[in-house]
Amino acid sequence: MTLDLRVFELDGETGANGTDQENGISAVLDVLGQAFGVVTEHGAGARQHTWLDTFDWRLYRAGLVLEYEHARRGGRLVLNRDGAPEAEQPVQGWRTSRPRLAADLPAGPIRDQVLKLASPRALLPMATAVGTVTVTRLLNADGKTVARLTVDHSTVTRGDRTVPLPLRLAITEVRGYPGQARRAAQLVAGAPGVSQADRSAFATALAALGRHPNDYSGGVTAEITAQMPASVAVATLLLSLLDTLEQNVDGTLRDIDTEFLHDLRVAVRRTRSAIKLLGDVLPAGLAEAYAPEFKWLGDLTTPTRDLDVHLLGFDAMAESLVAASPADLEPFRAFLARRRVREVRRLATGLRSARFRATTDHWRKALLEVRDARPARKSPTADELAVARTSRTFRKVASHGAAITAASPPTALHDLRKRCKELRYVLEFFAPLHNPVVYRKVLGDLKQLQDCLGEFQDSQVQREEIHALADAMLAERAAPATTLLAMGEIAANLALRQDEARAEFAQRFARFAGREGQQRFHVLLTRPSQ
Amino acid sequence: MKIYATYNIKGGVGKTTVAVNLAYLSATDGYRTLLWDLDPQGAASFMFRIKPRVKGGGKALIRGTKALDDAIKGTDFENLDLLPADFTYRNMDLLLGDASKKPTRKIAQLLRPLAAEYDHVFLDCPPSISLVSENVMHAADVLLVPLIPTTLSVRTLDQLTEFVGDFTGRRPQVRAFFSMVDRRKRLHQDITAKLSAERPGVAATVIPALSLIERMSVERAPVAAFAPRSQAASAFRALWAELNTDKKPDDNPVTG
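The listed protein sequences derive, respectively, from chains S and P. End of the first sequence sits at 530 in our numbering; the numbers just go up one at a time, nothing left out. End of the second sequence sits at 256 in our numbering; the numbers just go up one at a time, nothing left out.
Please keep in mind that the hints were generated in silico from the structure rather than gathered at the bench. Some hints could be false.
[Said to hold, decoys possible] Covered by chain P, according to a simulated footprint, are these stretches of chain S (three or more residues, beta-carbon under 8 Å):
# : region
1 : 115 to 124
2 : 140 to 153
[What the hints assert, rightly or not] Just a few of them, taken from the derived set where beta-carbon distance is under 10 Å, the chain P residues facing chain S:
#  : residue
3  : Arg63
4  : Lys66
5  : Ala71
6  : Ile72
7  : Gly74
8  : Thr75
9  : Phe77
10 : Asp81
11 : Asp98
12 : Ile129
13 : Phe163
14 : Val164
15 : Asp166
16 : Arg220
Glycine included, every Cβ here is placed at the ideal spot set by N, Cα and C.
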């Protein structure tokens, strides 16, 4: 019912210590007193703001900021879009200190919106500001409140330090009295030491924590330039992948949500592809020494991820049943969940092992040496490496794909899928060096081909896994006949999906690697001087 | 959006007092609340220190040239807004009569667009039998009828209940309560005790006659705001608690 009209900060120097802050606020109140009756409400209200988002900033990227505000009267969630409140709802018993899945939000408009964007990721507290809010009412000649001044004095905790945030002042409008709020804002703007706040409270809190929005992305974010020596570019790229890998270890160990492990695995796969496709520009022996370690790491993570895939798609799978009832599958879900507990434990042991620590520590040290070393005079540039290796990988995809006929065994398509993944990674590694328009088109077609091959292989793998899991359930006497029948129906559906994917393959491949696709690749890899 | 209206054919029975206090208590419970001061005397507007004036007057509101939304003013209290009185409301009967094919449903129609914005609306109705009061009865979900403890006022309640009972379609729930009760008077005690027990529509809570309630016009604020621990504030809180128990499933406050 009130609109945020103007937000200000007390300047750094003025707001640096308690006395200066008091003087600054007194000056503001004096200025306001020229035009209004000024009544400060008794007792500053304690308030805590926690801003929530997924680890990879899904809400922020969609232009949304989710805030949990806890005051004496209770808690409420506020969803802001582009700085303006879009929805709010009261929340009881929300503990912001620990992450929660979006699905755990209380039912309401906020949950509906957040769930679509965040799922299956958890909502993490990205920043928490604790402090007091003092409200001063501004009165007209009748003693009626026509605007309010709120002074927010908050701190954030960084490690074991308490960092004060700049004092935030806001004039809020009382409905029906816009002119008075404008006048109050003009007066505050002219008070000594006051300046317009140029960023949100969230951005201010993050900055005080040494962070900024979007400071994690699961994508390849290495800063590579065309003229960089190839060895330096590859080391930079691998260091960036190692950063991503390590950033996801804690979330995986705490099992916050399934996507930490997913991103960790992707970083490992990208690392393995980079070692295979580009490792020869690193000092002799380095790639060979670490390839088996990253294979071990990849294998370590596979069982848990496979179970995650089953569980994440479980509801959709259950809904697709025609003959059986979704309830028949519940023992299967319980079995998967039990298995997952066991596998997560095994995974955690691996991620806490000396072997893992040694691999990542030594790998980082070796890569830093390469990155910071003076490269040989005649070493190729990053761009030359990008053109040569992307071209080679594309040719492999084109020849493998062209050889596939209706009679080819499934392994031929599985093999092509691996080559396509390598091509995707090598394209992403060197994305900053390509024409962005052509790059997007090439990547779009490649993704479509990958989706088709993925559907083909995943359907087969999942079907085989369901057979294996059914055997295991029987062995544990955990499989009622109805459940096995329902699992059989799921397996049959997967076989149908696999057949459909196979039928689509020829068309998708032709679009990607046919004459037009080849021309696009040629344009992508042609440099102005060539 | 749930609409409450305070109504009695008689003046001076505590309609405005109860509308102001219940609207305030609704807002403090976290419900987004609007109070429409329909009485041209503007007592409710006065209590909230808001000028009893609407640009274009009642005519602009009834004819729709000014949206209700644009005339609303924020009070000094969170979640509580007021649609002020205007002296031209004294002609509202005529305006409503000219306004549309369904002159008794006009106020309900005007309030409809506010449904997304407010959880509770309180209509403070002037004392009369008129097209305005009939409009209010059609718009309201709950008719709050303050009664002073006399035999005659009970007859008025019967007449009102019968009148509302003849409505075709939607009928408001009639909830009466005793107001300005002097506990020292035997007659007051007898009537309040008897009717509260016998009549299901009569609230058990009574609002006593207290000088603190009269002070509202001096303090220009709800009694629960300027004297929250007083006996008067407790009485209004008890009445609100009794009336607000009959909730619809979606009738939840927005803020905690």
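Quick rundown of the hints versus the structure:
1. 115 to 124: It is violated, with 0 qualifying residues against the three required.
2. 140 to 153: With 4 residues in contact (Cβ-Cβ under 8 Å with chain P), the coverage given for the region 140 to 153 of chain S holds.
3. Arg63: Cβ of arginine 63(P) sits 21 Å from chain S, so the hint is violated.
4. Lys66: violated, 13 Å
5. Ala71: holds, 8 Å
6. Ile72: Nearest chain S Cβ about 6 Å off; hint holds.
7. Gly74: Hint holds; glycine 74(P) Cβ to chain S Cβ min 4 Å, cut 10 Å.
8. Thr75: Interface hint status for threonine 75(P): holds (8 Å vs cutoff 10 Å).
9. Phe77: The hint holds - phenylalanine 77(P) has a Cβ within 10 Å of chain S, the shortest such distance being about 9 Å.
10. Asp81: Status holds, d = 6 Å.
11. Asp98: violated, 27 Å
12. Ile129: Constraint on isoleucine 129(P) not satisfied, violated at 32 Å.
13. Phe163: violated, 35 Å
14. Val164: violated, 32 Å
15. Asp166: violated, 38 Å
16. Arg220: Check passed: Cβ of arginine 220(P) comes within 7 Å of chain S, closer than 10 Å.
Taken one by one, the earlier hints fail for this structure at numbers 1, 3, 4, 11, 12, 13, 14 and 15, listed in ascending order.
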